[in-house]
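Engineer: The sequence shown maps to residues 12 to 384 in the working numbering.
There are no misleading hints in this set.
For lysine to any residue, the following SDA-like pairs were computed, each having C-alpha atoms within a straight-line distance of at most 25 Å:
id	residue 1	residue 2
1	K154	G280
2	K215	A272
3	K131	G107
4	K27	H327
5	K154	R296
6	K27	A60
7	K215	D122
8	K131	E83
9	K131	L120
10	K223	A190
11	K27	D355
Simulated from the structure, these hints should not be mistaken for lab results.
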Amino acid sequence: MAAIGVGLIGTGYMGKCHALAWNNVATIFGDVDRPRLVHLAERNAEFAAARAREFGFARATADWRELLSDPEVDVISITTPNQFHAEMAIAALEAGKHVWCEKPMATSLADAERMLAAAKRSGKVAIIGYNYIQNPVMRHIRKLLEEGAIGTVTQVRVEMDEDFMADPEAPFSPRSEKASGYGALDDFAVHTLSLLWNLVGHAKSVMTDLGKPYADRPLTDGGRRTVENHDQASVLMRLEGGIPAVLMVNRAAWGRKGRIALQIFGSAGALVYDQERMNEFQIYRAAGPTGEQGFVTVLAGPQHRPYDRFVPAPGHSLGFNDLKVVECRELVAAIGGEPFRAIDFAEGLRIERSVHAMAQSFAERRWVDVADV
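Between the sequences and the hints, there should be enough to build the whole structure, so can you do that?
Structural biologist: Below, the structure is given as structure tokens:
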């Protein structure tokens with residue numbers, strides 16, 4: 012496969028994560044040509060130039076539109092704030108570029124639909140950055156479910172919690188603006204929905220309650236500003252196949268740093284996973300003498316591919332950025348016409364539709380069918 016030329020828009024936390032992935036994908040996997048880091052865009056020329064030197068990009072600009080006309084750029088990573096995703100992704104696709112856009116897809120359902128339409132028209136690869144599904148542990152859990160290791164799935168429970176907004180006196184940030192989306196639903200629930208899609212299926216109907224623990228937050232230059240979205244969500248769901256599920260997310264959960272707690276109950280056992288311990292999972296098999304049954308903890312190792320591409324020994328652990336490298340390899344596979352496992356814009360729109368159904372359910376205080384949104 013020929014080396015592809017990369018453009019990057021945005022160099023914050025996720026921008027750096029994408030840059031690390033593009034820099035490392037050839038080294039880790041060894042079966043692709045090293046991508047050419049061609050062009051980087053940031054908010055001003057000086058900052059863009061500094062980031063380009065740090066990240067290894069050949070050129071830098073303060074105008075992201077310059078990447079669209081650069082003939083050396085084949086694919087564009089979009090890691091900007093949520094409200095800019097639609098405009099940039101659609102422009103990139105119309106310019107004939109492949110797109111790797113961070114989640115969520117967009118802040119409105121109409122924009123997400125326009126993004127999918129643009130991807131279909133272009134014929135280019137367009138995926139959303141849901142890297143948690145790329146965890147070798149998560150891939151193995153999926154394999155166990157497909158093999159019927161815990162029988163028929165009877166219920167799923169999933170929670171996602173962090174505490175970066177737990178302090179009521181933390182300064183107001185763009186995450187609390189209506190322009191960034193619904194809040195915890197866009198920020199967190201989309202991740203858990205990506206895991207559900209990967210393991211058991213999309214949500215079909217939802218009933219939602221949203222919570223706003225703090226009405227306002229202080230501004231750095233004085234005064235306070237009203238919080239415009241919700242930091243908490245509790246959702247009852249029916250998944251594909253009629254499986255009942257419970258989803259709870261909270262951006263203001265003291266003590267939780269990066270928790271995604273997943274419990275999958277089946278007719279012959281259970282599977283348990285926690286993102287804060289992302290290199291292990293637990294399985295309970297309802298077999299053998301009852302006095303000897305119990306949860307078994309399994310540590311990730313080379314047999315849980317592609318863990319073996321990173322570390323030759325079990326128990327040495329992968330990290331968040333490593334999952335992005337795996338996702339990058341899936342994107343390169345897609346661009347090369349190979350089978351891939353990532354969330355494209357079509358599946359991404361289904362996740363967005365689920366989120367908007369949840370918001371509608373809260374507003375109307377009723378169950379909402381996702382297909383009706």
